[in-house]
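For the record, the sequence lines run as chains A and B. Using my numbering, you'd call the opening residue of the first sequence number 49 and step up by one each time. Using my numbering, you'd call the opening residue of the second sequence number 148 and step up by one each time.
Read the hints as simulated data drawn from the structure, not as lab findings.
If we take Cβ atoms under 7 Å as the criterion, some of the chain A residues that face chain B in the derived model are:
no.	residue
1	Ala68
2	Thr173
3	Gly234
4	Ala247
5	Val254
6	Gly257
7	Leu333
8	Lys334
9	Ile445
For lysine-lysine, the following DSS-like pairs were computed, each having C-alpha atoms within a straight-line distance of at most 30 Å:
no.	chain 1	residue 1	chain 2	residue 2
10	B	Lys178	A	Lys143
11	B	Lys189	A	Lys143
12	B	Lys189	A	Lys147
13	B	Lys189	A	Lys154
14	B	Lys178	A	Lys157
15	A	Lys154	B	Lys178
16	A	Lys157	B	Lys189
17	A	Lys147	B	Lys178
None of these values were measured; they are calculated from a predicted model. Every residue gets a Cβ at the ideal spot worked out from N, C-alpha and C, and that includes glycine.
One letter stands for each residue in the lines below.
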Amino acid sequence: MTEFVLTPGMIGFAATILKALFVIGMALQIVPGCIYFERKIAAYVQHRIGPNRVNFTIGTLRYLMPESMRDVIPEGLARVKLIPGSLQPLADAIKLAFKEEVIPEKADKLLYNLGPMLTFIPVGTALCFLPFGATLIVPDANLFGIEIQRTVIEMSVSNVVPGMLMLLAVSSLGVYGIACGGWGSGSKYPLMAAVRAAAQMVSYEVPLGIAFLIALASVGSLDGQEIVRNQAETWHGFGWLVFRQPLAALIFLVAMFAENNRLPFDLPEAEPELVGGYHTEYTGLKFAIFFLGEYCAMILMCGLFTTLFLGGWSLGPIEPVEVFGSTIEPLITAEGGILNVLLSVAVFTVKMLSVLLLQLWIRWTLPRFRYDQLMDLGWKVLTPLALANLAITAILISKFPNFTFFA
Amino acid sequence: MLASMFVGYVGLAAMGAICLIIGVVALLLSKILGPRRPTRVKQLPYECGVELIQSSARERYSIHFYLVAILFILFDLETVFLFPWAATMRYGVDPNAAMLRSVLLTEVLLFVGVLAVGLFYVWKRRGLEWD
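Chain A extracted, bound-state conformation:
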């Protein structure tokens, strides 16, 4: 009997598909959660309650039980709500799906339809370059007569050497969607908002790109996994670039808010001036796709900030370190079995969600900038600062190759 052999190529291909489904599934899970928390945080900041009607109750669980057991839950307990309002985003999505599709008569049909797609697709695709976990080693094994060969699976969907450059390149295409949508609507307000959004996004791409560059130069690689490993190997596991390059981290954070059109930089959606923004003329699911793209961009940027500046999936050292004569075993190692990978994915998710929470929180804390202030901040403050930081980093790297602070 010939044995069936799973080669590394086959396992790797299957793993790539699974990872792609996992990442996009996670993103689509985080988006409704994000909308819910955004509304809840907004409510608490403004002393309201926020969405609290649409939710499961404990009584809902009855429908999962066999009929004879439903009386186990008493009537009083059955009315207790589980996470009040948590199903609101789902209800909104269903409502949007059944709304009438109105295409304004002045619209350019092709661009109008392309707009939402071009905002969502590049951003969703760029998620594949994020390294979200430690490397998984599948050992040699023989399972039910199937021979498995040793395989190394990197925990990023698309593991390429210039990964971080590709991420920046692919995600930047999102500007086209907004421009297409605004121009294609054939209405003044969306056009104005789209022009503003495009100008703002490209303006802040310059400091963002330079801050990005500073982080990459400090690590000396364009590979996401290498960036995370480098941070975990420096300073006993806490050489996170946010400590080594605080100025670059701050510039990146500010530029990130502007890239995502978030308050305090949400000029493209300034309701008092522009009605709704570039999606004023959109209804139904097309509007939902715009929204999805926007939130996916937030997730992408938060994931990128985590990878570049917050040590990615690492928590403390990734190899045994000696502190005061005693050896400390690493909690998460760079390569390992399934448990190690799950732990690292959890760490990455928690870090990313913390940055996301910061974004939601700041939205309700700071007022909106004026457009000239926005442009001044981008071109006259952040860009010169980033250039200066880059020059200092370059000098330190080449004069003191083993120095890690600010280099």
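Once you've looked at the hints, dock chain B against the given chain A.
Using the frame of chain A, we list chain B on its own:
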């Protein structure tokens, strides 16, 4: 060898395909699911509840937006040129080759210097003003 270089991009293709499917399905669903009762007023572009003032929305807007786009192309392209330097500078260069390091440093400082001078020039020519 060539094939192994591109293995990593399978994930990019898979992810792109999934996102494309989500986008297309959503567009088709919005055509199928919703009702369709077009009226004259409903199809008009939004205009704060009054009659349409202009026949076309594509009128003139501030030249500054073009200027910003051009500046972006200049500065962002030049940062892209620095990416190979960032990737190789720290560990790609022999630590003992002090001469090579100095040459590379000089080149990068020149490059960043030119960028800074360009920014300063645009600033002084009032290219960054909004009024």
